[in-house]
Amino acid sequence: MSADLEFENLVNLYYRDLYRFGLSLTGSEADAADLTQETFYIWANKGHQLQKAASVKGWLFTTLHREFLKTCRRRNRFSNESIDEGAEGLPNVPADCAERVDSRTLLRVLGEIAEDFRAPLVLYYMEDLSYKEIADVLALPLGTVQSRIARAKIQLLRRLSETNLPLEQTK
Amino acid sequence: MNTRDAKEILLLYRGTTDDSDPQFRAALDYAKSDPELGQWLREQTKCYDTIRTKLRGIEPPLGLSEKIVRSRPIPFPRIWSRVLQLAAAIVISASVTVLLMKWSERRNHSVAGAQEILVTGEVLDMTCYIAYNLSGPDHAECARVCIRNGLPVGIKAQDGKVYLLSGEPGHSVNAELADYAAKTVTIKGRQSVRDGFAQLQVEEIRKL
Chain Z
672 MSADLEFENL
682 VNLYYRDLYR
692 FGLSLTGSEA
702 DAADLTQETF
712 YIWANKGHQL
722 QKAASVKGWL
732 FTTLHREFLK
742 TCRRRNRFSN
752 ESIDEGAEGL
762 PNVPADCAER
772 VDSRTLLRVL
782 GEIAEDFRAP
792 LVLYYMEDLS
802 YKEIADVLAL
812 PLGTVQSRIA
822 RAKIQLLRRL
832 SETNLPLEQT
842 K
Chain S
120 MNTRDAKEIL
130 LLYRGTTDDS
140 DPQFRAALDY
150 AKSDPELGQW
160 LREQTKCYDT
170 IRTKLRGIEP
180 PLGLSEKIVR
190 SRPIPFPRIW
200 SRVLQLAAAI
210 VISASVTVLL
220 MKWSERRNHS
230 VAGAQEILVT
240 GEVLDMTCYI
250 AYNLSGPDHA
260 ECARVCIRNG
270 LPVGIKAQDG
280 KVYLLSGEPG
290 HSVNAELADY
300 AAKTVTIKGR
310 QSVRDGFAQL
320 QVEEIRKL
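Quick note, the sequences are listed as chains Z and S, same order.
Position in the first sequence (from 1) plus 671 gives the number in this note's numbering.
Position in the second sequence (from 1) plus 119 gives the number in this note's numbering.
Don't read these hints as lab results, they were simulated from the structure.
Worth double-checking, as some hints may not be accurate.
Label-pair restraints from in silico Cβ distances [as the list claims (entries may be wrong)]: (1) E178(S) x E783(Z): 15 to 25 Å; (2) D124(S) x Y712(Z): 41 to 51 Å; (3) W222(S) x Y712(Z): 44 to 54 Å; (4) K221(S) x Y712(Z): 42 to 52 Å; (5) L676(Z) x S214(S): 39 to 49 Å; (6) R161(S) x Y712(Z): 35 to 45 Å; (7) E833(Z) x D153(S): 36 to 46 Å; (8) G782(Z) x M120(S): 31 to 41 Å; (9) E833(Z) x R161(S): 18 to 28 Å; (10) T122(S) x L676(Z): 49 to 59 Å; (11) R161(S) x N680(Z): 36 to 46 Å; (12) L684(Z) x L218(S): 53 to 63 Å.
Idealized CB from N, CA, C, for every residue including glycine.
Isolated chain S (complex conformation) (with noise of 0.2 Å):
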């Protein structure tokens, strides 16, 4: 090592900061036995400390620290246990909401499980029969028009209980129906009530 060496190792040296730093370690020795590197050492040493030191010596303006204490914005730690609880609870509601959704949209469109009767009466022209109480052998050719062009079509029991009758989802049951406007059959099916209006999906149809 020369001097040049030595100062360009020291020129980063701090003092009491550095003491314990190896890198600085064989450049202090050297810097022992040469008197004038050691002078030069002691004069960057100072300036450092000066620099230091003025540096240290800014002030930040009043009252910041306080104002950052009363700032402080309340901290909001994701606890990822808890993230992962809600997840999971928004998944099963979702999955629950569909599936009732699911069921609910089936129900409406199938009687799937309801009670199978038979009743027997005279089938009707729907339309004819609420809005204008139409309905017997004088009203038969109206009502088989009227069926065969797909109006609702029902029948009315012995006791007076009216039925709409309906076919599978999707399924009309009118033409079948048609040539029987105004005659006396028995129809078994699947009963459903919704709102106090009966409904009779039709299975079959037989002729008294």
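One chain only, chain Z, in its complex shape (with noise of 0.2 Å):
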């Protein structure tokens, strides 16, 4: 197959995926748009460097999750903080809560969460990817990486909960 081809068979197979993880990070259309551009570009420099190719898709959520960190470091937002240990404790929220909203309101609700968060939980929500994966993906330990998407989901049920939204709004 020639590198053009396979480039682009890549780019078909995945840039929905890393789309959506850029857009759940940004909350940008624009900037999820540049983030998954820039990383199918590095990994057209630097992609013959991956021995497997099964961790393809690891590679590219690895690659778009750090070039959003330099982001963030560059517009000196990154934001370190932690969910409220008040926000800790099983949700009691009714199961029909992520009904009630759509796919926009449920990204602005995302984005409240500390980034630190919300990436983990965002990969455990979209990307079949097991629990070391994810890890792997953020370069964090496999503990660090379940005990964020814990507290992640329950602070994101809880503010679902407590969104007071008409029930499904066009998406």
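Put the two chains together into one complex, using the hints given.
Here's what the structure looks like:
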């Protein structure tokens, strides 16, 4: 297979997932598109260094996340804020709490969660990655990733249940 | 394990994605025996599916994939063997250049290897000779003063050929030759020629 065709196939396979991940991190469609594009360009230049073809997806997500963190540092708005300890505790929320919001509102609520917690939560929801793979993508210990996902999920569900919106708006 | 422990574990459970993950096995077994926990787990799983579906329903802008493919940069993989070859070529070229420069420098400052000859003729003050065609006994005193003062000195052979006389690089022979101005001597030296101009590096002066 030619390099051009291989690149095109790779883009078609993963650009949606990467864009969604970028959008959930940045909250901006333009920034998400730029991050996605940049990730594939880095692949075009460095992807040949990757030994295992099976880890391509993880490599792409790791790269996008790194590029996002670089952007955060450049803009000097990187936040290490942690989720309040008060948010701990098992959620007791209605099962339909997520059905009451549209995708855009869901993204907005996700954006209110600290980035350190948001990235693992988004990978948890959107991608079929194991916890070990999520930990590898974010370069974090497995225990930290699981702890952050659990706490962020509680936070998300609480915020969704508090969001008093009309039923399912247009997507 | 109690219900709270099982809930804490199952909070991360995503359904089929995590079915093969052993960390959930015990809690899932426990949920089978606890109807209330089982109901909670079904609601959590449904909620997970709803959020996942909504997030995965977000579509990228139209034309994004085409834009990415179209603007793909041309990859420039660094093949280290080629880099090493290039580095070696640069080092070799630089070494050859330095050697050539050194050789050329030495060649400019020395006549080592030049032909050794004997020349018999009149010692000349080259400035006056070339500028004014002055030589011979009538010009002897002027030539002696000029040579002593450092102006170029030469010898005109009996066949009419003129040589510029010089010493070893950095050493003048003017002091030794000044007293022979306009006189005939034999000089043993190494001959070299540049641009048609002959030079003799003096090794020995023989009075006649």
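Each hint tested on the structure:
Between E178(S) and E783(Z) the CB atoms are about 23 Å apart, so this pair conforms to the stated range of 15 to 25 Å. In this structure the hint that D124(S) and Y712(Z) lie 41 to 51 Å apart at CB holds, the actual value being about 47 Å. Against the hinted window of 44 to 54 Å, the Cβ-Cβ separation of W222(S) and Y712(Z) comes to about 50 Å, which satisfies the hint. Distance hint check for K221(S) and Y712(Z): the Cβ-Cβ separation is about 48 Å, which falls inside the suggested range of 42 to 52 Å.
For the hinted restraint 39 to 49 Å between L676(Z) and S214(S), the CB-CB distance of approximately 46 Å keeps it satisfied. Roughly 44 Å separates the CB atoms of R161(S) and Y712(Z), a value that falls within the hinted 35 to 45 Å. E833(Z) and D153(S) have their C-beta atoms about 28 Å apart, which leaves the hinted 36 to 46 Å range violated. Separation of G782(Z) from M120(S) is about 36 Å and conforms to the stated range, judged on CB atoms against 31 to 41 Å.
For E833(Z) and R161(S), the Cβ-Cβ distance of about 23 Å falls inside the hinted range of 18 to 28 Å, so the restraint holds. Hint check: T122(S) to L676(Z), Cβ distance near 54 Å, so the stated range 49 to 59 Å holds. Restraint check, R161(S) to N680(Z): a C-beta distance of roughly 38 Å satisfies the suggested window 36 to 46 Å. Checked against the hint of 53 to 63 Å, the C-beta distance between L684(Z) and L218(S) comes to roughly 57 Å, which is consistent with it.
When held up to the earlier numbered hints, the structure conflicts with hint 7 and nothing else.
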